[in-house]
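Required output: the full structure, derived from the provided sequences and hints.
Just so we're aligned, residue 1 is where the sequence shown starts under this note's numbering, counting upward by one.
FYI, nobody ran anything at the bench for these hints, they're computed from the structure.
Note that beta-carbon positions come from the ideal geometry of N, C-alpha and C, so glycine has one too.
Take the hints with a grain of salt, since some may be wrong.
[Stated by the list, open to error] The calculated label-pair distances, taken between Cβ atoms and stated as ranges, are:
| hint | residue 1 | residue 2 | range |
| --- | --- | --- | --- |
| 1 | K4 | Q60 | 40 to 48 Å |
| 2 | T26 | T3 | 43 to 51 Å |
| 3 | E57 | K4 | 33 to 41 Å |
| 4 | R73 | E8 | 32 to 40 Å |
| 5 | R68 | D36 | 17 to 25 Å |
[Stated by the list, open to error] With a cut-off of at most 27 Å between alpha-carbon atoms, the simulated DSSO-like pairs for lysine-lysine come out as follows:
| hint | residue 1 | residue 2 |
| --- | --- | --- |
| 6 | K44 | K79 |
| 7 | K23 | K77 |
| 8 | K58 | K4 |
| 9 | K44 | K58 |
| 10 | K4 | K79 |
| 11 | K23 | K79 |
| 12 | K79 | K9 |
| 13 | K4 | K27 |
| 14 | K30 | K77 |
| 15 | K4 | K44 |
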Amino acid sequence: MATKQTTEKKIHRRSFEGVVASKSGTKTIKVTVLRDAFHPTYHKHYTCRTHFLVHDEKNQYAVGDVVRFVECRPLSKSKRWRVIYS
Numbered sequence: 001m002a003t004k005q006t007t008e009k010k011i012h013r014r015s016f017e018g019v020v021a022s023k024s025g026t027k028t029i030k031v032t033v034l035r036d037a038f039h040p041t042y043h044k045h046y047t048c049r050t051h052f053l054v055h056d057e058k059n060q061y062a063v064g065d066v067v068r069f070v071e072c073r074p075l076s077k078s079k080r081w082r083v084i085y086s
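Structural data, given as structure tokens:
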């Protein structure tokens, strides 16, 4: 008889760190992530801002707090991220 070998598939989820820009409602925060980039033609460094709607289950973060968050299943029309609590 052949033995079954179970293989666990490791799921890689993207994670970011940013600053809470606003509280959009109950259990939802808007997080701004800053990223440095280099322009190939003009050889200048510039900063890109990206905003994410993040699910805050415990509703504990306020504006100005630094949070870490990871990718997850779609929670609403625009929320696909959840906070990592440490």
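Status of the hints after comparison with the structure:
For K4 paired with Q60, a C-beta distance near 43 Å keeps the hint of 40 to 48 Å intact. Taking the beta carbon of each, T26 and T3 are about 50 Å apart, inside 43 to 51 Å as hinted. Between E57 and K4 the Cβ separation comes to about 36 Å, which falls inside the hinted range of 33 to 41 Å. Remark: the range hint 32 to 40 Å for R73 to E8 is contradicted by a beta-carbon distance near 19 Å.
Separation of R68 from D36 is about 19 Å and conforms to the stated range, judged on CB atoms against 17 to 25 Å. Only pairs whose Cα atoms come within 27 Å are accepted, and K44 paired with K79 is rejected, the gap being roughly 33 Å. Between the alpha carbons of K23 and K77 the distance comes to roughly 17 Å, so the proposed pair stays at or under 27 Å and holds. Restraint check for K58 and K4: not satisfied, since their Cα atoms lie roughly 41 Å apart, outside the 27 Å limit.
As the CA atoms of K44 and K58 are separated by approximately 41 Å, the hinted pair breaks the 27 Å bound. Pair hint K4 plus K79 does not hold up; C-alpha atoms about 38 Å apart against a cutoff of 27 Å. Between K23 and K79 the alpha-carbon distance is near 13 Å, which keeps this suggested pair within the 27 Å criterion. This hinted pair checks out: K79 and K9 have alpha carbons roughly 25 Å apart, not beyond 27 Å.
Simply put, K4 and K27 have alpha-carbon atoms about 43 Å apart, too far for the 27 Å limit, and the pair is violated. Distance restraint check for K30 and K77: the Cα-Cα separation of roughly 14 Å lies within the 27 Å cut-off, and the hinted pair is therefore satisfied. The hinted pair formed by K4 and K44 fails the criterion: a straight-line CA distance of about 56 Å is larger than 27 Å.
In this structure, the earlier hints numbered 4, 6, 8, 9, 10, 13, 15 are contradicted, and the remaining ones agree with it.
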